[in-house]
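Residue-level listing of the chains:
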Amino acid sequence: MASDLVKAEGLSRRFGALRALDDLNLTIGEGEWVAITGPSGSGKTTLLNILSGLDRPSEGRVQVGGVDLAGLSARELSRYRQQTVGLVFQQFHLIPYLTALENVMLAQYVHSMTDKAEAEEALRRVGLGERMSHLPSQLSGGEQQRVCIARALINQPPLILADEPTGNLDAVNEAVVMSLLGDLHQRGHTLVLVTHDPSIAARAGREVRLEHGRLAERLVGAAR
Amino acid sequence: MIVRMVLASLRRRFRQLALILVAVLVAAGTVSTLAGFSARSRDRMGSSLAAFGPNLTIRPQVGGPESLPVAALERVRKVPGVQTAKAASGRIDVRVEPARLDEVARAIESRVEGIEARPLLKVSESDARVTRRLTMVLFAVSAVSFLLALISVGASTTALLGERRTEVGLLLALGYTGRRIGGFLAAELLAAAVLAGMVGQLLGDLAAGALADRLLGPGSGSFITWSGFVASATVAALVVGSSLFLALRRIQQLDAARVLRGE
Numbered sequence: 001m002a003s004d005l006v007k008a009e010g011l012s013r014r015f016g017a018l019r020a021l022d023d024l025n026l027t028i029g030e031g032e033w034v035a036i037t038g039p040s041g042s043g044k045t046t047l048l049n050i051l052s053g054l055d056r057p058s059e060g061r062v063q064v065g066g067v068d069l070a071g072l073s074a075r076e077l078s079r080y081r082q083q084t085v086g087l088v089f090q091q092f093h094l095i096p097y098l099t100a101l102e103n104v105m106l107a108q109y110v111h112s113m114t115d116k117a118e119a120e121e122a123l124r125r126v127g128l129g130e131r132m133s134h135l136p137s138q139l140s141g142g143e144q145q146r147v148c149i150a151r152a153l154i155n156q157p158p159l160i161l162a163d164e165p166t167g168n169l170d171a172v173n174e175a176v177v178m179s180l181l182g183d184l185h186q187r188g189h190t191l192v193l194v195t196h197d198p199s200i201a202a203r204a205g206r207e208v209r210l211e212h213g214r215l216a217e218r219l220v221g222a223a224r
Numbered sequence: 001m002i003v004r005m006v007l008a009s010l011r012r013r014f015r016q017l018a019l020i021l022v023a024v025l026v027a028a029g030t031v032s033t034l035a036g037f038s039a040r041s042r043d044r045m046g047s048s049l050a051a052f053g054p055n056l057t058i059r060p061q062v063g064g065p066e067s068l069p070v071a072a073l074e075r076v077r078k079v080p081g082v083q084t085a086k087a088a089s090g091r092i093d094v095r096v097e098p099a100r101l102d103e104v105a106r107a108i109e110s111r112v113e114g115i116e117a118r119p120l121l122k123v124s125e126s127d128a129r130v131t132r133r134l135t136m137v138l139f140a141v142s143a144v145s146f147l148l149a150l151i152s153v154g155a156s157t158t159a160l161l162g163e164r165r166t167e168v169g170l171l172l173a174l175g176y177t178g179r180r181i182g183g184f185l186a187a188e189l190l191a192a193a194v195l196a197g198m199v200g201q202l203l204g205d206l207a208a209g210a211l212a213d214r215l216l217g218p219g220s221g222s223f224i225t226w227s228g229f230v231a232s233a234t235v236a237a238l239v240v241g242s243s244l245f246l247a248l249r250r251i252q253q254l255d256a257a258r259v260l261r262g263e
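Residue numbers (our numbering), protein chains in the order written: chain A, 1 to 224; chain B, 1 to 263.
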């Protein structure tokens, strides 16, 4: 059995009187593909934000790779995001005035130095070898999401967090993106994917269902 | 990478940056005019008429005898600090050590009765009054334009940052620190400030030269003054620096998670 990459204990996140996460306990093994599902407002995105170091828990603790995120300073959290996490967004969030290649190199630049050949290879891997010099406005939604995936994997992060990665895509592009995410999982990346779509969740090794910020876990496919 | 980002962003946001350019240009231009004009007027008003010629003239006192006393020339020559003294029609032209001009003029007046000793300057007293007033007006205009530049550049930077919230949120999510993102913004603002400051200084020195020529008469000296350069560079740095300080605080307060959710 693989060791745990993510370990959350008694995790709570309050926004005023609202409890977005409520005493959540969760472990995710290295190389695992977990789908986080649940109705709107159940705390899926809040959990993802805490795992990505963009938000901090109000109570409890979360360890990623043995590092307690609650104890990190803002600068250390920045370094954690650079080195440990790759983010895939529903809205893609590409810089509109940079080309596809430059958007990927932007993630390299924060991590270390830019390596154009490596960025080109990442884009080729997601099937955008011919679209490297295009601006986001010249790419379809599916292509933009593929750039976003190339950007997320360019620094080889152990943990990839995807928030509704197919939420804005048609069926054809959805299949392409899911195939790419499956490929990443095959290569050993740990994948945590937030989705509303049961068919997308079914592709994961495990589905974690949240309700009112609490866990309602059920197993799908290869259970741990 | 950073150069590419800055250039691409400058091209895309040229209209928004135009306001920053104009504000810094006007402020740098007016301050440079003030500094350039002050330097030129100091140069021309403070120096004696000629480097080696007479710089003091002695005439009969107003309301006193019509001609100079007979022994006046000899007595003037004996006053310490007087280098040469020569009689001309109805007056004595004197050359004294330039640094002791006023002191020697007073000494001559106290030793020779019935005369007035006046230093010769390039400009008349009325010209000096006009120059002083103009300098004050320029100072007031410079202060106002500096304040307006501070306000408008601050507002433009805030608006620019508001438009780029998602971009800043993304950079934070990718692991960039607030300080590093501030560096991108600083590079963009500095590029605009350097351009505007240089053009402002050129225009300011041009205006200062034209004003000085018109009021004080044509003079020599370089087209660009050092004080004009220092003044415009200081104004551009202060305006951009204060805007950047505000921008950095806003970046550090930004909640990337909320921004990326579109809130």
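Rather than coming from a laboratory, the hints here were simulated on the basis of the structure.
Keep in mind that this is a model prediction, so the values were computed, not measured.
Idealized CB from N, CA, C, for every residue including glycine.
Any given hint could be a false lead.
Said to hold, decoys possible - With beta-carbon atoms standing in for the labels, derived distance ranges:
(1) A:A202 <-> B:L246: 46 to 52 Å
(2) A:S140 <-> B:V144: 51 to 57 Å
(3) A:H196 <-> B:V194: 48 to 54 Å
(4) A:G66 <-> B:L148: 52 to 58 Å
(5) A:G182 <-> B:V194: 22 to 28 Å
(6) B:V22 <-> A:G182: 52 to 58 Å
(7) B:T166 <-> A:G182: 25 to 31 Å
(8) B:T166 <-> A:Q156: 34 to 40 Å
(9) A:S137 <-> B:V22: 26 to 32 Å
(10) B:L195 <-> A:S137: 47 to 53 Å
Structure-based check of each hint:
1. A:A202 <-> B:L246: 46 to 52 Å: holds (50 Å)
2. A:S140 <-> B:V144: 51 to 57 Å: holds (52 Å)
3. A:H196 <-> B:V194: 48 to 54 Å: holds (50 Å)
4. A:G66 <-> B:L148: 52 to 58 Å: Given about 55 Å between the Cβ atoms, the range holds.
5. A:G182 <-> B:V194: 22 to 28 Å: violated (50 Å)
6. B:V22 <-> A:G182: 52 to 58 Å: About 54 Å separates the Cβ atoms of V22 (chain B) and G182 (chain A), which means 52 to 58 Å holds.
7. B:T166 <-> A:G182: 25 to 31 Å: holds (29 Å)
8. B:T166 <-> A:Q156: 34 to 40 Å: With a Cβ separation near 26 Å, T166 (chain B) and Q156 (chain A) fall outside 34 to 40 Å, so the hint is violated.
9. A:S137 <-> B:V22: 26 to 32 Å: holds (29 Å)
10. B:L195 <-> A:S137: 47 to 53 Å: Since L195 (chain B) and S137 (chain A) have Cβ atoms about 28 Å apart, the given range 47 to 53 Å is violated.
The structure does not agree with the numbered hints 5, 8, 10 stated previously, though it agrees with the rest.
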